[in-house]
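Please model the entire structure based on the sequences and the hints provided.
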Amino acid sequence: MPFALYMLALAVFVMGTSEFMLAGLLPAIAADLDVSVGTACLLTTAFAIGMVIGAPVMAAFARRWPPRLTLIVCLLVCAGSHVMGAMTPVFSLLLITRVLSAFAHAGFLAVALSTATTLVPANQKGRALSILLSGTTMATVAGVPAGALLGTVLGWRTTFWAIAILCIPAAIGVARGISPKSGQSATSASSPRLRAELSQLATPRLILAMALGALINGGTFAAFTFLAPVVTETAGLAEGWVSVVLVMFGIGSFLGVTIAGRLSDQQPGLVLAVGGPLLLTGWIMVTFAAPDPVALILLVLVQGFLSFGVGSTLITRVLYAASGAPTMGGSYATAALNIGAAAGPVLGAVGLATGLGLLAPVWVASALTAIALVIMLLTGRALTQNPAEVRR
1 MPFALYMLAL AVFVMGTSEF MLAGLLPAIA ADLDVSVGTA CLLTTAFAIG
51 MVIGAPVMAA FARRWPPRLT LIVCLLVCAG SHVMGAMTPV FSLLLITRVL
101 SAFAHAGFLA VALSTATTLV PANQKGRALS ILLSGTTMAT VAGVPAGALL
151 GTVLGWRTTF WAIAILCIPA AIGVARGISP KSGQSATSAS SPRLRAELSQ
201 LATPRLILAM ALGALINGGT FAAFTFLAPV VTETAGLAEG WVSVVLVMFG
251 IGSFLGVTIA GRLSDQQPGL VLAVGGPLLL TGWIMVTFAA PDPVALILLV
301 LVQGFLSFGV GSTLITRVLY AASGAPTMGG SYATAALNIG AAAGPVLGAV
351 GLATGLGLLA PVWVASALTA IALVIMLLTG RALTQNPAEV RR
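Just so we're aligned, residue 1 is where the sequence shown starts under the working numbering, counting upward by one.
Don't take each hint at face value.
Stated by the list, open to error - Label pairs and their calculated CB-CB ranges:
{"#": "1", "residue 1": "G380", "residue 2": "I172", "range": "43 to 49 Å"}
{"#": "2", "residue 1": "Q267", "residue 2": "L93", "range": "46 to 52 Å"}
{"#": "3", "residue 1": "L93", "residue 2": "G380", "range": "46 to 52 Å"}
{"#": "4", "residue 1": "V274", "residue 2": "A202", "range": "49 to 55 Å"}
{"#": "5", "residue 1": "A289", "residue 2": "T354", "range": "34 to 40 Å"}
Derived from the structure by calculation, the hints contain no laboratory data. Where a beta carbon is used, it is the ideal one built from N, C-alpha and C, also for glycine.
If you want it as structure tokens, here you go:
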């Protein structure tokens, strides 16, 4: 795989840490800025919404720019927004910086996904995607726990400063690793018009792939977001075990995208046919085995593996289905990921509010996964066919 892909993964790691780091910082931010924890949670919601909107907006705005320039600009905007966030004493301004950071993250990921597909042969999009998403999974393994520890020891603002500083070597890595001509074919004058690329959103295969990706990712984040109370109250573990469980989930997700990436190009049907039912079975098992700490930790590892393996395969199908949108396809994949990331926690919270107990978000994950499996069953091979096969 090209060295440039690993430079992109490094930048995705930095931005992924920024996306998830607030989970351990919200109480401190709320106390420092004199707002409730519920109000502080708006920072997470604003980021998720910014990611969903920012991906297509940024991709469309910068579609004629050289990809390397767009990637570097997004990293610099991310760094600047974190500097402002680290310095502001006003919650509303911090909220604005999170939206700016989300737009930068979404724009970067959208362009990185599109660029990655030009760095590898046409039949290796899944491998390229797995390398990019490994940056996100490593953020959950190392970046988020480190950020939480840094925030606990030195204050939440220090974590913001750390992200801003890390954006600089990431930008240098992109500048050195991505050649000025990388992805240039996608931004050339001969590429389709924006209207033609947007019209791809009306194609059934792209709609199907995006919907399924959002459903699986929604289930993942519905359960992942509310793991902490399951660990401490249902399983009866000490609070320090929350970080251990999250790291186990991150390790599983890293293995999932890595292994699925080697299969999702040539055998996507196998990954989905085997991994999908196992994923549903795993969520159901979590609801029954959660009181047993050992079983819970092992299942979290397995579910991280399955959810990201199946999810990354579906996002790869988005990229294949959007092959007629060379500059916007990455934004469609990013939007599918983040619609799930935004909707999943909301649905999980609704489940909690209904009084179904701390495991309600896991039942939500089970329901979303079951819906995805039914749709896959009804659509048959339509999802796993590549464009060349469809034309034949």
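Now for the hints, and whether the structure bears them out:
1. G380 with I172: 43 to 49 Å: For I172 against G380, whose Cβ atoms are near 47 Å apart, the range 43 to 49 Å holds.
2. Q267 with L93: 46 to 52 Å: holds (49 Å)
3. L93 with G380: 46 to 52 Å: About 51 Å separates the Cβ atoms of L93 and G380, which means 46 to 52 Å holds.
4. V274 with A202: 49 to 55 Å: Violated, at about 31 Å.
5. A289 with T354: 34 to 40 Å: violated (22 Å)
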